[in-house]
Amino acid sequence: MKILFFLSACAWAQIEQPQLGIMLDRAGVARPVWGVSASVTLGTAVATEVVSMACSRRWCIASTAAGLVSWGNGRQWRSEAPAGTAVFAFSGDSAYVYSSGQLAKWREGTRELVGVDVSGEILSMRVVDGALEFAVRRDDGTWIVRDGNAIVAALPEATGPVMLLDRAVLFATDDAVILRRTDASEMRFPAAGAESFVVMGDGLVQIRARDANYALRIEAGREKLFLLPEIQ
Amino acid sequence: MIVSGNATDKLASRPESRLAARTGGPTLLLMLLPVAAHAQLALVTFDGTTESPVGTTYNYGTVSNGDTKDVRFRARNVGNSKVDLTTLTVSGTGFSILAVNGVVPSPIAPTNFLEFTIRFSAALAASYSANLQVNSISVLLLATSVPAPEVTVFPACLPGSTGGVDFPPVAIGTTGGCVFSVRNPSAQPLLISTLSVTGDAAFQGPQNLATPLTLRPNDAITFTVQFTPVCGTLNYAAMLNVNTRAYPLAGAGLTPPLPKPLLSFDTAKIGSGEQHTISMILPSPAACATSGNLTMAFTGVAGDQSVSFLSGSAHTLPFSVKAKDTQISINGQTSAPFQTGTTAGAITFTLNGTPIDGDATTKVTIPPAPLAIESASASNQRAGELDITVTGYDNTYSAGTMSFTFFDTGGNAIGSAAAADFTSNFKSFFSGATTGSAFLMRVSFPVIGNQLSIGKVQVNLTNSAGQAQTGSLTFQ
Numbered sequence: 001m002k003i004l005f006f007l008s009a010c011a012w013a014q015i016e017q018p019q020l021g022i023m024l025d026r027a028g029v030a031r032p033v034w035g036v037s038a039s040v041t042l043g044t045a046v047a048t049e050v051v052s053m054a055c056s057r058r059w060c061i062a063s064t065a066a067g068l069v070s071w072g073n074g075r076q077w078r079s080e081a082p083a084g085t086a087v088f089a090f091s092g093d094s095a096y097v098y099s100s101g102q103l104a105k106w107r108e109g110t111r112e113l114v115g116v117d118v119s120g121e122i123l124s125m126r127v128v129d130g131a132l133e134f135a136v137r138r139d140d141g142t143w144i145v146r147d148g149n150a151i152v153a154a155l156p157e158a159t160g161p162v163m164l165l166d167r168a169v170l171f172a173t174d175d176a177v178i179l180r181r182t183d184a185s186e187m188r189f190p191a192a193g194a195e196s197f198v199v200m201g202d203g204l205v206q207i208r209a210r211d212a213n214y215a216l217r218i219e220a221g222r223e224k225l226f227l228l229p230e231i232q
Numbered sequence: 001m002i003v004s005g006n007a008t009d010k011l012a013s014r015p016e017s018r019l020a021a022r023t024g025g026p027t028l029l030l031m032l033l034p035v036a037a038h039a040q041l042a043l044v045t046f047d048g049t050t051e052s053p054v055g056t057t058y059n060y061g062t063v064s065n066g067d068t069k070d071v072r073f074r075a076r077n078v079g080n081s082k083v084d085l086t087t088l089t090v091s092g093t094g095f096s097i098l099a100v101n102g103v104v105p106s107p108i109a110p111t112n113f114l115e116f117t118i119r120f121s122a123a124l125a126a127s128y129s130a131n132l133q134v135n136s137i138s139v140l141l142l143a144t145s146v147p148a149p150e151v152t153v154f155p156a157c158l159p160g161s162t163g164g165v166d167f168p169p170v171a172i173g174t175t176g177g178c179v180f181s182v183r184n185p186s187a188q189p190l191l192i193s194t195l196s197v198t199g200d201a202a203f204q205g206p207q208n209l210a211t212p213l214t215l216r217p218n219d220a221i222t223f224t225v226q227f228t229p230v231c232g233t234l235n236y237a238a239m240l241n242v243n244t245r246a247y248p249l250a251g252a253g254l255t256p257p258l259p260k261p262l263l264s265f266d267t268a269k270i271g272s273g274e275q276h277t278i279s280m281i282l283p284s285p286a287a288c289a290t291s292g293n294l295t296m297a298f299t300g301v302a303g304d305q306s307v308s309f310l311s312g313s314a315h316t317l318p319f320s321v322k323a324k325d326t327q328i329s330i331n332g333q334t335s336a337p338f339q340t341g342t343t344a345g346a347i348t349f350t351l352n353g354t355p356i357d358g359d360a361t362t363k364v365t366i367p368p369a370p371l372a373i374e375s376a377s378a379s380n381q382r383a384g385e386l387d388i389t390v391t392g393y394d395n396t397y398s399a400g401t402m403s404f405t406f407f408d409t410g411g412n413a414i415g416s417a418a419a420a421d422f423t424s425n426f427k428s429f430f431s432g433a434t435t436g437s438a439f440l441m442r443v444s445f446p447v448i449g450n451q452l453s454i455g456k457v458q459v460n461l462t463n464s465a466g467q468a469q470t471g472s473l474t475f476q
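Quick mapping for you: the protein sequence lines, in order, are chains A and B. At position 232 of the first sequence the residue is numbered 232 (our numbering), and the sequence of numbers has no breaks. At position 38 of the second sequence the residue is numbered 38 (our numbering), and the sequence of numbers has no breaks.
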């Protein structure tokens, strides 16, 4: 009782504007998204000419026309290669980058090539218990595999983009986006025409669709789909 | 000269006849020169684009009493050497030389011409003739003056400044018209050979009236010319032709205001922190294709830029509707998504850029609400500190009072709730906020003793609209 009284008297509060994450707009500009779900505003550009991007809770990595760039905690790193479409997977302070048929490990601006034996088009990657898992699309369907093409799971309904998440997978069908958790529970979201996914930050995925940009909050029990504003 | 019935006499006095009588054949040279000059000079009429040969007669046709008719003639040198044009005269009542594009006498080079205009002024109803003499070329000019019908237009149509008729303005999509009468003011029957409207198709008429028709003395006919303006054109012109006379008709179309649109939302109840769609339909089809702007504005306890449309410009979107349609397209879509922000107040949607039949302004009230908690967490990872993080919004901008109830790892409440008042912190934060009331609050409690013995915390946050709870947050 004495302890609690002492606690309340000494409590202090810090209040700031919440940032949901970083989105990638149609012009290839990465912008911070401020606010709360379904009520957001966009900040000024933090990166331009972005082709692919992903953000963890603490930092972001992007493939741009000028090469790889990552930023976070007030620091930024650049590397001239590779450019073009890339797939990312975070692993602590590092990230795996798959681009142009090469897999590399990225850490503070340095790239280290990693050998891997995976066949098919790599759509997404994640690190599970220290091992990489890949979502791949082949002629016989979409699969989740590990190095050496060891099959982990099948995603027969996935016809669009796939995003491997922590204890979940997000994939698109023709008329919806499906969040399937490892316990096999599923939620469908009416985001038709999904063309790509971008991890915006902690628990938030951007769904880039033909006609709109959505954000999907994936935190269990707080799932919510909402539109992101578009700057024109 | 009134020549009705005496054309032969007139022909007998033509200069060429006189020339033949005078020359008689004293010398060959005197005989050949005029003939050569005549053959080298051709008389034609010119209508502005085309020349037409003139024979020994030229008929002006019928001209209404009091009117004039002008004809442009050209004396063209069709030979290989110059011709001296020495004679240009017209003799006869009603005909006169109105203009000569040059001087007489003067030489005309090969292929060149001299142009002149002969006017016929119709006086009393009769047949007229005159002799046109161009060097040795004689042409009998004929014309008939006929009684002019008397044309009257009835109110509310008005005589226009150009001698025509101004139709009252008519709303596009509807039809107006003017009633006319044509009367024979003379003592003889009057043939109406032409009674028509030419020009913009918006003017139509007369209906069910066939020409030619004959009006007995003092008889009159009435008829209507309808005026139906169409979308895309505001001013119209046409001619009412009555025999040889043409009366200018002028009319203006009025763009009708857009029927007051019905603005609707995807739900009846709208609150803060939500996204909705707005759509608009018309109660009746639009007469014309129309476009304008849909604007959303917000007034509340504070400014909130997050109240905005989600596509296109943040606060204004273009709208359009097709002619004969009731569906209004907003930014090219049947509906427009928007977000309501995080401030209590009112969102007002207005239409502008086109006249509207009524006030289409629609106001959506965003009621004050207890704090909305988006996420909350508790951490005991810093030595000597218990950290609690709450993300949410307070659309009343009155947050600050809160209480914290701590539980031990066995789930038992540790004493009573600890009250805290961070009102000044929130006021300071909100005073600089322009994008709504969304906040991320980090509260830290210094701890003395084993902080791992505290298992959970529940936060109760109060604002002017009520209370909200985080639920039980586990320290981790």
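No lab work stands behind these hints, which were simulated from the structure alone. Keep in mind that the hints are not guaranteed to be accurate.
[Claimed, not checked] With a cut-off of at most 20 Å between alpha-carbon atoms, the simulated SDA-like pairs for lysine to any residue come out as follows:
hint, chain 1, residue 1, chain 2, residue 2
1, B, Lys427, A, Ala13
2, A, Lys224, B, Lys427
3, A, Lys224, B, Glu274
4, A, Lys224, B, Leu440
5, B, Lys456, A, Ala13
Computed from a predicted structure; not experimentally measured.
- request: Check each numbered hint from earlier against the structure, then list the numbers of those it violates in ascending order.
  value: 2
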